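Order-wise, the sequence lines are chains A and B. Residues are numbered in my numbering as their position in the first sequence, beginning at 1, plus a constant of 2. Residues are numbered in my numbering as their position in the second sequence, beginning at 1, plus a constant of 8.
Just so you know, these hints were derived from the structure itself, not from any lab. Heads up, some of the hints might be wrong.
Subject to a maximum C-alpha distance of 25 Å in a straight line, what follows is the list of computed SDA-like cross-link-like pairs (lysine to any residue) [claimed, not checked]:
#: 1; chain 1: B; residue 1: K494; chain 2: A; residue 2: K443
#: 2; chain 1: B; residue 1: K521; chain 2: B; residue 2: R491
#: 3; chain 1: A; residue 1: K443; chain 2: A; residue 2: T465
#: 4; chain 1: A; residue 1: K168; chain 2: B; residue 2: S32
#: 5; chain 1: B; residue 1: K361; chain 2: B; residue 2: R383
#: 6; chain 1: A; residue 1: K307; chain 2: B; residue 2: S261
#: 7; chain 1: B; residue 1: K395; chain 2: B; residue 2: L113
#: 8; chain 1: B; residue 1: K494; chain 2: A; residue 2: T318
#: 9; chain 1: B; residue 1: K494; chain 2: A; residue 2: R397
#: 10; chain 1: B; residue 1: K490; chain 2: A; residue 2: V393
#: 11; chain 1: A; residue 1: K168; chain 2: B; residue 2: S173
#: 12; chain 1: B; residue 1: K138; chain 2: A; residue 2: R398
#: 13; chain 1: B; residue 1: K490; chain 2: A; residue 2: V154
#: 14; chain 1: A; residue 1: K168; chain 2: B; residue 2: E50
#: 15; chain 1: A; residue 1: K330; chain 2: B; residue 2: K138
#: 16; chain 1: A; residue 1: K307; chain 2: A; residue 2: L278
#: 17; chain 1: B; residue 1: K186; chain 2: B; residue 2: A421
#: 18; chain 1: A; residue 1: K330; chain 2: A; residue 2: R404
#: 19; chain 1: A; residue 1: K104; chain 2: A; residue 2: A80
#: 20; chain 1: B; residue 1: K138; chain 2: A; residue 2: V106
#: 21; chain 1: A; residue 1: K168; chain 2: B; residue 2: Y176
#: 22; chain 1: B; residue 1: K361; chain 2: B; residue 2: S32
Note that the structure is predicted; figures quoted are calculated from it, not measured.
Listed below are the residues making up each chain.
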Amino acid sequence: MRALAGICAPVMLVGAAAACPAAAQDAGNAQGDLSVTIYNGGQSLVQDVRRLAIPAGRSRQEFPDVSAQIRPQTVSFAADGTAIVEQNFDYDLLSPNALMEKAVGETITLLRINPATGAQTSERAKVLAVNGGVVLQIGSRIEVLRDDGLPVRVVFDKIPPNLRAKPTLSITVDSDRGGTRPATLSYLTGGLGWAADYVSLYDEKAGTIDVQGWVTLTNNTGTTFDNARTLLVAGTPSGSGAPIGTTPRYRPRPQTNIRSAGTESAPREQLGDYYLYPLPERTTIANAQTKQVSFLDVSGVPARKVYEFTLDGFQTMTEPASAASVIKFTSSADGGLGDALPAGTVRFYQRDLRGDPQFIGENRIGHTPMGSELGLATGEAFDVKVQATIVSRERRSSTVWRTSMSYRLTNARAEPVTLDLTQRGLDWYWDETRIITESMKSKRLDSDGTQWSVTVPANGEATVTATFETRY
Amino acid sequence: MRRLLPLLLLAAASPAAAQPVVTSAAPDSVSVSIFRDPGRGEGGSIDLDWLQGFALISETRTIDLPAGESRLRFEGVAEGMVAVSAIVTGLPGGVVQKNRDAALLSPASLLDGSLGNRVHLRRTDGATGKVTEEDAIIRSGPGGAVVLQTPAGFEALRCTGLPESLVYDGVPAGLTAKPTLSVTTRSPAAGRATVTLTYLATGFDWASNYVARVAPDGRTLDLFAWLTVANSNGESFADASLSAIAGTLNIESDFDDLVEAPPQPRLHLSCFPTGSGRYGRPPPPPPPAPPPLPAPALEMADSIVVTGARRAMASPAAVVAVQEALGDLKLYRVPIPVTVAANGQKQVALLVKDAVPFRRIYRLRDCLSCEDGAREAEIVLRMENRKAAALGVPLPSGEVAVFESAMGEQLLAGEGRLRDHAVGETVNLVIGDSSQVRVSIENYVGSNGSAADYRVTVTNANPFAVDFEMGFEVYDTAGLDKRIRKLPRRDGQPTWAATVPANGSRSFDYRVKEAD
Numbered sequence: 003m004r005a006l007a008g009i010c011a012p013v014m015l016v017g018a019a020a021a022c023p024a025a026a027q028d029a030g031n032a033q034g035d036l037s038v039t040i041y042n043g044g045q046s047l048v049q050d051v052r053r054l055a056i057p058a059g060r061s062r063q064e065f066p067d068v069s070a071q072i073r074p075q076t077v078s079f080a081a082d083g084t085a086i087v088e089q090n091f092d093y094d095l096l097s098p099n100a101l102m103e104k105a106v107g108e109t110i111t112l113l114r115i116n117p118a119t120g121a122q123t124s125e126r127a128k129v130l131a132v133n134g135g136v137v138l139q140i141g142s143r144i145e146v147l148r149d150d151g152l153p154v155r156v157v158f159d160k161i162p163p164n165l166r167a168k169p170t171l172s173i174t175v176d177s178d179r180g181g182t183r184p185a186t187l188s189y190l191t192g193g194l195g196w197a198a199d200y201v202s203l204y205d206e207k208a209g210t211i212d213v214q215g216w217v218t219l220t221n222n223t224g225t226t227f228d229n230a231r232t233l234l235v236a237g238t239p240s241g242s243g244a245p246i247g248t249t250p251r252y253r254p255r256p257q258t259n260i261r262s263a264g265t266e267s268a269p270r271e272q273l274g275d276y277y278l279y280p281l282p283e284r285t286t287i288a289n290a291q292t293k294q295v296s297f298l299d300v301s302g303v304p305a306r307k308v309y310e311f312t313l314d315g316f317q318t319m320t321e322p323a324s325a326a327s328v329i330k331f332t333s334s335a336d337g338g339l340g341d342a343l344p345a346g347t348v349r350f351y352q353r354d355l356r357g358d359p360q361f362i363g364e365n366r367i368g369h370t371p372m373g374s375e376l377g378l379a380t381g382e383a384f385d386v387k388v389q390a391t392i393v394s395r396e397r398r399s400s401t402v403w404r405t406s407m408s409y410r411l412t413n414a415r416a417e418p419v420t421l422d423l424t425q426r427g428l429d430w431y432w433d434e435t436r437i438i439t440e441s442m443k444s445k446r447l448d449s450d451g452t453q454w455s456v457t458v459p460a461n462g463e464a465t466v467t468a469t470f471e472t473r474y
Numbered sequence: 009m010r011r012l013l014p015l016l017l018l019a020a021a022s023p024a025a026a027q028p029v030v031t032s033a034a035p036d037s038v039s040v041s042i043f044r045d046p047g048r049g050e051g052g053s054i055d056l057d058w059l060q061g062f063a064l065i066s067e068t069r070t071i072d073l074p075a076g077e078s079r080l081r082f083e084g085v086a087e088g089m090v091a092v093s094a095i096v097t098g099l100p101g102g103v104v105q106k107n108r109d110a111a112l113l114s115p116a117s118l119l120d121g122s123l124g125n126r127v128h129l130r131r132t133d134g135a136t137g138k139v140t141e142e143d144a145i146i147r148s149g150p151g152g153a154v155v156l157q158t159p160a161g162f163e164a165l166r167c168t169g170l171p172e173s174l175v176y177d178g179v180p181a182g183l184t185a186k187p188t189l190s191v192t193t194r195s196p197a198a199g200r201a202t203v204t205l206t207y208l209a210t211g212f213d214w215a216s217n218y219v220a221r222v223a224p225d226g227r228t229l230d231l232f233a234w235l236t237v238a239n240s241n242g243e244s245f246a247d248a249s250l251s252a253i254a255g256t257l258n259i260e261s262d263f264d265d266l267v268e269a270p271p272q273p274r275l276h277l278s279c280f281p282t283g284s285g286r287y288g289r290p291p292p293p294p295p296p297a298p299p300p301l302p303a304p305a306l307e308m309a310d311s312i313v314v315t316g317a318r319r320a321m322a323s324p325a326a327v328v329a330v331q332e333a334l335g336d337l338k339l340y341r342v343p344i345p346v347t348v349a350a351n352g353q354k355q356v357a358l359l360v361k362d363a364v365p366f367r368r369i370y371r372l373r374d375c376l377s378c379e380d381g382a383r384e385a386e387i388v389l390r391m392e393n394r395k396a397a398a399l400g401v402p403l404p405s406g407e408v409a410v411f412e413s414a415m416g417e418q419l420l421a422g423e424g425r426l427r428d429h430a431v432g433e434t435v436n437l438v439i440g441d442s443s444q445v446r447v448s449i450e451n452y453v454g455s456n457g458s459a460a461d462y463r464v465t466v467t468n469a470n471p472f473a474v475d476f477e478m479g480f481e482v483y484d485t486a487g488l489d490k491r492i493r494k495l496p497r498r499d500g501q502p503t504w505a506a507t508v509p510a511n512g513s514r515s516f517d518y519r520v521k522e523a524d
């Protein structure tokens, strides 16, 4: 404290009132009552209600501890009885070089240290110019700073007021009265984002999944948000994605695993078309932190596994290929997860023979309305494979071709499986493809594809044959 | 509102300050399940310089928790932990939130976090050796070097030509040595809990490496496979329950990206210009890249395989991994606890199958009208993956080295790659091309203008008869020669199979309609 008093004295002379309290500011920062609203696209709305002592008349208010990635052009300010004169965002940063350049024409102190004896001598010098070297006037002499390479301490009397340690937002207001009152500062910032992470334990025997949903928010703004009320918005309210200059770390790819879009509304607050996920309590979002808070925990939701294989065209496969393992469930209130699901990653686990959960694959979902049917591929089945063969391909007339396909489906598992086999490419550069014969009835999905749902016996195989007629 | 505010501020400060922190230094027991690099194709080996597989690590930890809210910090986890995948179970009060803090302690963050605070400036007199210390307040951020406020006025750090250093009283709050996972929990009562922490981690990989030793009679082979696991994390997992998972998983996340700490601030010390024509000190060069992982392990790995195979009679495997089905994947469990060492590779027997009958096939696949001269046929070892044929186990994809006897020694006779084979499949393992068995496809002038006659001739320079298969790639079957049409199909292709006598040849004639 003794030493601090000595340090504080010159500060007071400079009149930078903020400087000395800053030293005693270890405990907290200048942030007030914070509300942070985070969107998926990597930008966020920060609302900061601070208690400001605003004198009557015109005054300049500084706002330290705002996000280091603030978009200053989006700042708005509101306090009772004030009118805004101007907003400034100053980023003239303090450095030794800037300090010296601003000292041109000023007088500084040189403390010379004799390298042999350690003796100090002090003299005042006027900075004449800083151009690839500092030219000083000491009395009647002109010298270049440290041209002899000997140690010299350069002591500046003050820091110019516009040189700052960090970019600083300031607002000049006109107040009709003096006094302390709440002032609301709100702004957009990059560097904050969120997505969902789902932990899904699949029970193959029971045909159920237990799902825990976590919101994962990341703060790469360079700033810690203390004790903030936090609201997450499942959506990016922007037609063209994130604004320039933001780094959307957690932005999920627009991709859909929705098999059938739902029509139910989740019991959650909405902002227009976007669901809102408020965190249950205030939280501190530290810089460089990834925070996860649970928002969904359901167990025993019916789920079933199907195998899927798609051929994009007529082809002969010399080696069999694995079918995809797909876990299907719904987000419906009736027999499903019962919530709208924010976009994120779903990781599936299944218990091994010892009963320990093992990871079996992951997939992504987009923002999924409640009531949707989801089909998420977890990987390729080791034991369920398909091998397709073109049995014959003959021209019937100048524009008509007939192709006979044979599909061999094998199952090395100890229980029968159902495989959805899809032949695509039926509407490629030919059209009006018809199925002349098939060994079992297929479901025509659209003009391009048809699907057989085949039961393959345990440790056995099944064969599907079909003849297609295509026209050029 | 005015009276509430101090309370609010107090509440704001309290969670960080008052919340007790419980640190769990190490797990009691750990199990590690390793997944192969999802981007690696069929077969393929581990790249020890950059392990791109991952692992599921499950740790059991005993923790003494105080009543009420506390923060539980996990230490001794894998460096490559994917924190967003962490699952914590067994906490009586559940998980309020999980945090991964990655604001790292560094010279720059130390300076940045001390902005506006009191530090000490230490100077050592070059002549007398006298050390002096004075108080200073940091006035600038780490971007453009350090401006200090001293009792004398405002000065720049290390622009004086004197040995100077900053001494800090403490580490600013929230800075950690490594990215750290912690969970907040609210325990109903103080007590001891057994907590399971499960997470995915990068820096692992595994592969299966097969060694096939052909019996002297050339009719059977002994198939042996190594389960090779590697760990490039700085942590060792002692007495771990180790398993490896075969099969193909769908992976969407970029695990490496999730593991990395976000960019950290950097300290650049620069000064005002001193002397004539010099612009201060240049910023320091970026820190050197971390040294590459030690390579010797790779050589070690190779030597293990080679020595294991070169001996005519290899020692039997005492421990063989146990296979079980895990959904649509295959799990191989090492039946005894093993240590997965930091920056190390380990091999355990994956499967042992002796006296597997096989056929040696010489094979060529080509289109009907592809003229070719003296092409080398592929050497294929064909096995049936069935119990009756001494196999009948899932065969995870991997590299295969085939050894045969010659001059009283087992020598490398071929290498191939195996895809995942389920039970019941036929294994066609291509182990090389033969220069002794060659195939010519020649075109003759057709008997009429719209067709061409072809002849396939296979020659065998070996002193023994060989089985040969010619697979024809057929696209249109309209007007296909009856001789082709009558051929049996193998893997979808009409296939001419013939036994070529020792030092002899065989041929097959067919006709192809001119393409329209």
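Here is how each hint holds up against the structure:
no.	hint	verdict
1	B:K494 - A:K443	violated, 30 Å
2	B:K521 - B:R491	holds, 13 Å
3	A:K443 - A:T465	holds, 13 Å
4	A:K168 - B:S32	violated, 37 Å
5	B:K361 - B:R383	violated, 34 Å
6	A:K307 - B:S261	holds, 22 Å
7	B:K395 - B:L113	violated, 59 Å
8	B:K494 - A:T318	holds, 18 Å
9	B:K494 - A:R397	holds, 20 Å
10	B:K490 - A:V393	holds, 15 Å
11	A:K168 - B:S173	holds, 23 Å
12	B:K138 - A:R398	violated, 103 Å
13	B:K490 - A:V154	violated, 101 Å
14	A:K168 - B:E50	violated, 54 Å
15	A:K330 - B:K138	violated, 75 Å
16	A:K307 - A:L278	violated, 31 Å
17	B:K186 - B:A421	violated, 49 Å
18	A:K330 - A:R404	violated, 36 Å
19	A:K104 - A:A80	violated, 35 Å
20	B:K138 - A:V106	violated, 34 Å
21	A:K168 - B:Y176	holds, 21 Å
22	B:K361 - B:S32	violated, 44 Å
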